[in-house]
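Listed below, chain by chain, are the residues.
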Amino acid sequence: MDERDQRNNDPADLETPGEAAGWKSGLAKSLIGLAASIVLTLGSFWAAGTGLVWGPGVPVLLAALAIGQMGVHLVFFLHISSGPEGTNTILALAFGVFVVALVVFGSLIIMANLDAGMVSMDGLMRMQR
Amino acid sequence: MNAATTLVAEVEIPISERGPSPRKVIVGYGFWLFLLSDIIVFSALFAAYAVLSGRTADGPRGVQLFHRDKVLIETGCLLASSFTCAMMALAIELRHKTFMVLGAALTFALGAAFLWLELSEFAGMVAHGAGPDRSAFLSAFFALVGMHGLHVTLGLCWLVAMMAQVFTLGWRPMVLDRLACFSLFWHALDIVWIGVFTIVYLGVR
Chain V
27 MDERDQRNND PADLETPGEA AGWKSGLAKS LIGLAASIVL TLGSFWAAGT GLVWGPGVPV
87 LLAALAIGQM GVHLVFFLHI SSGPEGTNTI LALAFGVFVV ALVVFGSLII MANLDAGMVS
147 MDGLMRMQR
Chain C
271 MNAATTLVAE VEIPISERGP SPRKVIVGYG FWLFLLSDII VFSALFAAYA VLSGRTADGP
331 RGVQLFHRDK VLIETGCLLA SSFTCAMMAL AIELRHKTFM VLGAALTFAL GAAFLWLELS
391 EFAGMVAHGA GPDRSAFLSA FFALVGMHGL HVTLGLCWLV AMMAQVFTLG WRPMVLDRLA
451 CFSLFWHALD IVWIGVFTIV YLGVR
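Going line by line, the protein sequences match chains V and C.
Numbering (the working numbering) for the first sequence: 27 to 155.
Numbering (the working numbering) for the second sequence: 271 to 475.
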């Protein structure tokens with residue numbers, strides 16, 4: 027029996043429930059996450075519809091609220107932590123964010139550049155004449 | 271005294287020499303890598319939407335098509351289902367089958383309600399001549415939001431399969447790992463939805 031089989035048959039994994047203290051903190055964490063998410067979601071919908079915020083500032087506010095809510099979900103629902111067991115998870119997350127930023131901003135910059143370099147339909151007609 | 275020595279010993283052994291991590295950590299990490307790659311797939315669709323959102327080809331624009339109150343209800347459904355999914359995970363930790371089924375049923379119902387709202391929105395748009403073939407903006411919209419809806423559908427199927435496994439196989443480590451992965455998947459879908467409602471529905475031009 028190799029090490030992996032032993033871990034599969036670890037009696038601690040089977041019928042034994044988790045510690046009683048675990049579920050109380052888990053419930054508290056979920057409730058905090060839910061409350062924070064509700065506040066941030068309503069904040070986003072309010073910010074998008076209100077005239078109270080200076081127009082050009084709305085997208086920045088929306089982005090900040092969205093990033094904040096993603097952080098809330100990561101910490102309170104996905105349980106991403108900075109503890110010793112979470113080091114690899116955080117490193118992978120950082121790499122994922124990096125690739126996402128490259129894909130999104132790279133596409134936007136390249137496509138805007140190509141768009142600016144495109145000959146317009148009118149220009150094309152004039153050239154054919 | 272004994273506890274103190276154990277604590278000191280734990281601190282002194284570097285993490286690289288502590289041997290394999292617990293099963294839960296390894297499984298979670300592996301599934302986390304999958305989720306990140308899935309999010310990168312979504313980022314490509316987000317990029318396409320951001321580039322094409324202004325290309326309406328003289329067709330209907332986002333402002334005319336999107337209803338914020340409906341999107342708020344959809345968001346509420348998905349957020350509440352994320353919370354009931356966390357409750358289900360707690361019930362699983364306590365090995366409490368009744369609470370687990372209750373959590374799973376609520377998660378499924380809220381997920382299905384979200385999907386129903388989204389599909390009725392899609393059907394309404396197609397009926398008004400704003401289908402994915404109308405403009406580049408609508409192609410990108412249906413690709414991005416439809417991809418998220420497809421993930422939710424798969425998640426619902428997965429949830430049903432997991433309930434069947436708990437009742438036929440019991441609390442096996444294998445089943446517990448899958449339940450933990452499902453919970454991660456469901457929360458990750460909610461994170462993607464935050465991006466969707468912020469960029470597509472609230473950032474509408």
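Bear in mind the hints are in silico, worked out from the structure with no lab data behind them.
Misleading hints may appear alongside valid ones.
Below 16 Å or equal to it, Euclidean Cα-Cα: the simulated EDC-like pairs (lysine to aspartate or glutamate) are [what the hints assert, rightly or not]:
no., chain 1, residue 1, chain 2, residue 2
1, C, LYS294, V, GLU111
2, V, LYS50, C, GLU363
3, V, LYS55, C, ASP447
4, C, LYS294, C, ASP447
5, C, LYS340, C, GLU391
6, C, LYS294, C, GLU363
Outcome of the hint check:
Using a Cα cut-off of 16 Å, the hinted pair C:LYS294 and V:GLU111 holds, with the two alpha carbons roughly 11 Å apart. Of the supplied pair hints, the one linking V:LYS50 and C:GLU363 holds, its CA atoms being roughly 11 Å apart against a limit of 16 Å. For the hint pairing V:LYS55 with C:ASP447, the CA-to-CA distance comes to about 21 Å; that exceeds 16 Å, so the pair is violated. For a cut-off of 16 Å, the pair hint linking C:LYS294 to C:ASP447 stands: about 7 Å separates their Cα positions.
For the given pair, C:LYS340 sits about 9 Å from C:GLU391 by alpha-carbon distance, which is consistent with the 16 Å threshold. With a CA separation close to 12 Å, the supplied pair C:LYS294 and C:GLU363 stays within the 16 Å bound.
Figure legend: structure checked against the earlier numbered hints; the only hint not met is number 3.
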